[in-house]
Amino acid sequence: MLKKGILLIGISSFVLSSCIEHEVIPPPEPKVELNAHFYGEVNGAPVEFTENVLGYTNNCTSAKYILPPPDFSEAVYFAEMSSLQIATSVKIGLGAATWDASLTGEPTLATFNAFHQANLFPTYSDDALAGFEATYRDGTGREWKSSENSVNVQNVEFTAVVQESDNTGDYSKFICNFDCWMYSLHPDSLALNPPVIQLDSVHMENAVYEGWFCR
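If you're matching positions, the sequence shown starts at 1 in the numbering used here and goes up one per residue.
To be clear, the hints were calculated from the coordinates, so they are not data collected in a lab.
From the three backbone atoms N, C-alpha and C, an ideal C-beta is built for every residue, glycine too.
Be aware that a few hints might be false.
[As the list claims (entries may be wrong)] For lysine-lysine, the following BS3-like pairs were computed, each having C-alpha atoms within a straight-line distance of at most 25 Å:
1) K145 x K173
2) K31 x K145
3) K31 x K173
4) K91 x K64
5) K91 x K145
6) K145 x K64
7) K173 x K64
[Claimed, not checked] Computed spacing ranges between beta-carbons, pair by pair:
8) E23 x D127: 50 to 58 Å
9) L84 x D188: 26 to 34 Å
10) F72 x D126: 15 to 23 Å
Assemble the whole structure, with the sequences as input and the hints as a guide.
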């Protein structure tokens with residue numbers, strides 16, 4: 001009788017252990033670490049933005065110009081440090097990546113990566129259609145832009161360009177150093193009779209933008 005009891009307990013333990021389901025823990029999904037910061041001097045006055053401070057964040061966008069074959073379409077990439085709480089912001093653009101829009105709706109990841117790796121020293125270009133453009137919005141909301149026709153010395157260099165992806169998208173991380181003059185139409189110039197186009201200027205120097213473009 002004792003042997004039967006021991007046997008029954010052993011069988012019950014085996015059945016219970018056989019029914020236990022082991023939890024399968026999926027491997028962690030890759031997550032791109034995105035950090036943004038900007039520092040520059042506008043007419044000698046320091047301007048600084050940091051990710052998640054005073055609402056500032058790096059917003060990445062792109063403008064795509066779709067052309068029918070046999071022409072290649074173009075994509076221009078933008079990164080902007082801005083806040084919903086404060087008017088002051090800075091934005092840079094870089095273009096243009098070309099691709100065949102009859103095959104894909106946007107540049108492939110390989111094209112996106114190759115474009116940024118190949119444009120470490122771009123020329124200045126209005127609207128970043130064929131190079132680099134910088135835009136600064138001051139505390140009053142007035143917008144100042146670099147110019148491809150500026151007679152002043154201006155330079156730009158991208159370093160630490162790294163492409164990374166996760167389930168939120170494809171990113172090209174960068175550090176951008178630039179110095180340039182930026183221009184804005186004087187608010188009262190077109191109110192004159194006759195209207196006169198008068199441009200005001202500011203000097204952006206020692207600018208360092210750490211951020212990212214997105215595909």
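When the hints from earlier in the document are held up against this structure, which numbers fail?
Hint 2 alone not satisfied by this model.
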